[in-house]
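Peer 1: Protein chains in written order, with full-length UniProt numbering: chain A, 1 to 501; chain B, 1 to 323; chain C, 1 to 220.
To be clear, the hints were calculated from the coordinates, so they are not data collected in a lab. Wrong hints could be hidden among the right ones.
Here are the simulated lysine-lysine pairs, BS3-like style, with alpha carbons at most 25 angstroms apart [stated by the list, open to error]:
#, chain 1, residue 1, chain 2, residue 2
1, B, Lys-302, A, Lys-351
2, B, Lys-102, B, Lys-137
3, B, Lys-102, B, Lys-280
4, B, Lys-144, B, Lys-216
5, B, Lys-144, B, Lys-175
6, A, Lys-351, B, Lys-129
7, B, Lys-105, B, Lys-175
8, B, Lys-280, B, Lys-129
9, B, Lys-128, B, Lys-291
10, B, Lys-262, B, Lys-105
11, A, Lys-351, B, Lys-105
12, A, Lys-351, B, Lys-102
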Amino acid sequence: MTDLLSNLGLGFAVALSLQNVALCFLGCLVGTLIGVLPGVGPIATIAMLLPITFGLDPVGALIMLAGIYYGAQYGGSTTAILVNIPGEATSVVTTLDGHQMARQGRGGIALGTAAIASFFAGTVATVLIAALGAPLTRLALIFGPAEYFALMVMGLAFAVVLAHGSVLKAVAMILVGILLSSVGTDLETGQERMTFGFAFLTDGVDFSVLAMGLFGIAEILRNLDQSETRDVVRAQIGRLLPGVAELKQATPATLRGTAIGAILGILPGNGAVLGPFASYTIEKKIARDPSRFGRGAIEGVAGPESANNAGAQTAFIPLLTLGIPPNAVMALMVGAMTIHGIVPGPGVMTKNPNLFWGMIASMWIGNLMLLVINLPLVGLWVRLLKVPYRLMFPAILMFCSVGIYSIGSQPTDVMLIGVFGLMGYLLIKFGFEPAPLLLGFVLGKLMEEYLRRSLTLSRGDLMIFLERPISAVLFVIAFAIIAAALLPSMRKSRDEVFTEA
Amino acid sequence: MRRAIAIGVLTALTSFGAAADTYPQRPITMIVPFAAGGPTDVVARIVAEPMSRSLGQQVVVENVTGAGGTTGITRGAQAAPDGYTIMVGHMGTHGAAPALFKGLKYDPATSFEPIGFLGGVPILIVAKKDFPAKDFKGFIEAVKAGGPKINQAHAGVGSVSHSTGVLFDAQVGIKPTLVTYRGTGPAMNDLMAGQVDFMADQIVNVGPQVAGGTVKAYAIATPERAPSLPDVPTTKEAGLPGYEVSAWNAVFAPKGLPADVKAKLVAAVEAALNDPTATKRLTELGSNIPKADERGPAALQKLVESEVARWTPVLRSAVESNQ
Amino acid sequence: MSEPVGGSGARGFVRGPQSFVAGLGLIALALFAIWAGDDLARGTLGAIGPGLMPFWLAIGVGLCGAALCVAGLLRAGAPLQGMPLRGPVVVLLAIVLFAVTIRPFAFGSVTTPGLGLAVAGPLAVLVAGYASPEARLSELLILGLLLTAGCMLLFGDLLNLPIPMLPTALIQALSGTIPSRTLLRIAAGILALFGLGLLLLNRRSAKREPIDVAQHSLTT
């Protein structure tokens with residue numbers, strides 16, 4: 001305990017130097033900005049800012065880059081709520097209820113709740129990293145391929161619950177999502193799968209491209225054909241910030257979301273993407289009236305947002321203690337560290353205590369700054385919703401195009417958002433929901449990899465998934481979730497499975 | 001069809017009188033065919049900085065990812081040869097790629113003007129920490145005896161760990177079960193957890209783990225030991241002298257570069273390799289600084305030709321047996 | 001998955017057309033995926049080939065499709081929704097125009113000139129705007145010019161992202177005379193000035209310019 005305090009003391013001493021506070025603020029500001037802009041992700045931005053940080057000392061540089069990363073998470077929820085475009089896999093869930101709230105004129109409350117829930121989660125995660133970072137890494141090592149496969153299957157079970165319409169259609173969308181994720185070069189053999197010889201498909205479809213198309217462009221198309229009442233939010237814009245009653249309603253969800261997100265974030269196999277989905281599923285399952293979900297339930301924003309932010313921060317644990325980056329942004333942080341001559345790995349904590357504890361302390365300071373930056377901005381964002389839609393949508397379209405182009409400098413990616421936009425529009429027309437498809441896409445790729453890896457290691461023996469206790473437990477949970485989703489409708493009538501959306 | 005781009009750009013160039021009396025007059029794009037933050041990207045960014053200084057124009061790194069780096073290199077090969085587009089190729093794009101990608105739209109040996117070698121990152125053979133063998137000889141015996149029971153990790157077909165790993169298998173004469181990962185990170189995680197037995201990878205990825213004792217290094221595939229891991233013997237010392245590989249990086253330009261422009265770029269790379277900050281950063285990364293006889297376009301051309309010849313048979317047979 | 005659905009012959013019996021057609025769509029997608037992945041080895045459980053997952057996923061999608069078709073036949077459900085063409089066509093056109101003008105793009109033997117964001121941006125905004133029947137030329141021009149100027153400064157100057165900003169030909173013509181950063185700022189300034197000028201003009205003219213939407217519309 002005294003160790004922890006003295007370590008945190010060292011951390012705050014480092015992080016509170018004038019230069020580092022300024023860098024942290026700059027990072028958070030840039031992060032919020034790029035997070036809000038659809039398409040422009042933290043990856044491209046951090047990559048571009050890397051050379052600028054050459055001149056800085058490593059601690060300051062990393063504090064700034066980390067600020068961009070979690071700043072972008074904050075900003076991303078803003079876009080998800082206001083214009084229904086998830087910038088990253090983790091904000092897909094926020095679109096479900098957040099955007100509904102915005103449509104009902106409760107956009108300010110949604111944004112405020114997201115900011116406060118994120119701040120709370122960030123605070124808890126900071127303490128968690130400081131106190132338990134090192135021992136928690138052991139958790140990462142007991143998760144082998146079989147456990148990850150089971151985890152992904154559980155994630156897909158969540159996706160079934162995510163849908164608020166027909167279960168059958170949700171299952172179909174998940175399968176289509178996984179199918180879509182298998183397009184591209186096969187990892188094991190290097191063979192091209194379903195690319196039809198197109199060079200731009202050899203690496204498969206990028207998540208941002210799919211999300212931008214299915215959500216961003218499809219949403220534009222849908223709004224365009226609701227001929228007269230096409231303005232996104234014409235409803236009276238209510239209070240800007242959540243009141244006591246709303247916060248009270250959101251608190252339990254925030255607590256649960258933080259716990260779930262923090263645990264999943266520690267897993268190096270990008271378990272953090274599951275956090276918001278898991279949180280949403282749990283909130284919906286334990287809610288007294290699950291039908292509110294998907295129609296603007298505040299718990300549907302608070303839970304996933306806190307899970308998202310907690311996961312974003314605990315994702316630093318495998319990076320700082322094991323040297324293993326759990327996702328693309330963290331891989332970039334490895335690059336940033338190596339450029340500055342710090343090789344991430346088990347030695348960072350002892351060899352560079354300034355860096356380790358300074359970064360952890362700066363995360364909390366950064367979260368505080370984000371709250372300070374974002375709460376006043378809520379009013380501005382909400383006012384943005386009053387812009388007539390005929391001007392709003394060309395602007396969204398242009399930002400999406402620029403953002404997508406900035407990811408890989410490929411014009412074909414820009415064209416693909418059009419194709420997926422059309423696809424999303426057709427899906428909406430036929431009563432399908434895009435969220436399960438996107439989740440299937442994100443998890444599908446990982447799931448196939450882990451399945452093949454597990455079976456390679458077990459030499460084709462399927463029992464590997466049941467012999468390993470953690471994997472077996474996860475499978476049981478997944479099965480229970482699916483059964484719980486299917487049974488009520490089964491009981492009512494056998495045809496109920498085919499319920500319309 | 002791709003040539004059309006080049007011709008189009010060329011005509012545009014000539015019609016607007018690209019009288020490049022004093023190259024360079026605007027920023028230079030350096031295509032890095034891999035994601036930002038990876039080993040090649042880091043090397044490129046370290047070198048781009050002193051190059052910008054000596055050329056007097058900014059060298060902007062552009063990451064064009066895809067298909068094991070060949071997407072970016074293809075774009076670079078087809079760019080106008082005016083010195084405003086250069087690229088960083090590596091062991092994979094200019095050595096292994098012809099064996100791995102059937103429809104490759106460039107030839108590593110003939111589609112480029114070699115500019116300069118940037119050095120190589122040594123490869124280590126690492127195993128899980130409780131692997132029983134005491135030394136490299138014992139390790140080789142163990143993997144031979146284990147046959148397909150041994151699990152070898154690699155970071156995907158076309159990755160450095162895959163190419164160098166199957167070369168190791170071919171030279172030792174073993175056929176372990178290959179376990180594929182997406183990137184080095186997850187592979188290292190499973191190696192630390194003991195899910196897989198061994199892998200070959202770059203010192204920048206495995207060095208800290210070896211130093212931290214979470215994995216075990218049996219040998220380093222360079223002529224000399226690495227300063228950061230002085231206890232790890234070279235393959236030559238440990239009894240497998242033929243296995244010397246490194247993940248090298250080098251600067252290339254599209255074919256047809258004017259001689260004066262090429263000379264300026266060669267000089268800029270040379271200056272970068274003599275820059276104390278850059279060399280310090282490269283060394284910290286584990287990358288070797290090229291020796292005098294490895295520098296310059298002629299040495300690079302020779303390296304590319306020998307690498308293509310070396311990788312093609314090994315990788316062809318590895319990929320075919322896998323399919 | 002081979003439910004013998006009677007196609008057009010069964011139309012009269014279809015009680016939930018939306019489900020029925022959606023199911024047919026899924027079956028078609030499944031067949032397409034099976035065909036597309038036909039050349040891939042499926043392998044064994046111990047060494048799963050690249051074709052195994054896509055094949056079984058396609059079967060799954062097809063089964064879902066068949067179930068939806070059956071549901072559409074048995075249960076009364078939502079009717080098919082109308083599909084206006086203007087929105088999708090114009091929006092897609094705007095996206096494609098942006099994609100082919102931002103940097104040189106080759107269609108067979110024809111290559112588009114790389115015009116950069118300075119041209120691609122306003123073009124995309126302008127064209128996209130006409131997806132809505134309420135489009136007004138002057139408004140869209142102002143929006144396009146100002147947004148593009150902002151983006152050029154934000155992405156090019158501030159964030160330093162490697163997005164082509166200006167036409168390649170212009171950069172080459174002016175190469176050596178003006179530093180590229182300055183050129184970018186000047187160009188953004190010019191765009192912004194034009195935008196603001198138009199905005200002022202628009203404000204000045206008391207009555208709104210009577211723009212006939214149909215004349216400018218890029219669709220029918």
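Peer 1: Take the hints in turn and mark each one as holding or not.
Peer 2: Outcome of the hint check:
1. Restraint check for Lys-302 (chain B) and Lys-351 (chain A): the C-alpha separation of about 41 angstroms exceeds 25 angstroms, so the hint is violated.
2. The straight-line distance between the Cα atoms of Lys-102 (chain B) and Lys-137 (chain B) is roughly 37 angstroms, outside the 25 angstroms bound, and the hint therefore fails.
3. Distance check on the hinted pair: Lys-102 (chain B) and Lys-280 (chain B) sit about 39 angstroms apart at the alpha-carbon level, beyond 25 angstroms; violated.
4. The suggested pairing of Lys-144 (chain B) with Lys-216 (chain B) holds, with an alpha-carbon distance near 18 angstroms, which does not exceed 25 angstroms.
5. Restraint check for Lys-144 (chain B) and Lys-175 (chain B): the C-alpha separation of about 8 angstroms stays at or below 25 angstroms, so the hint holds.
6. Between Lys-351 (chain A) and Lys-129 (chain B), the direct Cα distance comes to roughly 22 angstroms. Compliance with the 25 angstroms bound is thereby established for this hinted pair.
7. Only pairs whose Cα atoms come within 25 angstroms are accepted, and Lys-105 (chain B) paired with Lys-175 (chain B) is rejected, the gap being roughly 32 angstroms.
8. Straight-line distance between C-alpha atoms of Lys-280 (chain B) and Lys-129 (chain B) comes to about 31 angstroms, which puts the hinted pair past the 25 angstroms bound.
9. With a CA separation close to 34 angstroms, the supplied pair Lys-128 (chain B) and Lys-291 (chain B) exceeds the 25 angstroms bound.
10. Distance check on the hinted pair: Lys-262 (chain B) and Lys-105 (chain B) sit about 23 angstroms apart at the alpha-carbon level, within 25 angstroms; holds.
11. Distance check on the hinted pair: Lys-351 (chain A) and Lys-105 (chain B) sit about 46 angstroms apart at the alpha-carbon level, beyond 25 angstroms; violated.
12. Taking the CA atoms of Lys-351 (chain A) and Lys-102 (chain B), the gap is about 46 angstroms. The hint is violated against a cut of 25 angstroms.
Taken one by one, the earlier hints fail for this structure at numbers 1, 2, 3, 7, 8, 9, 11 and 12, listed in ascending order.
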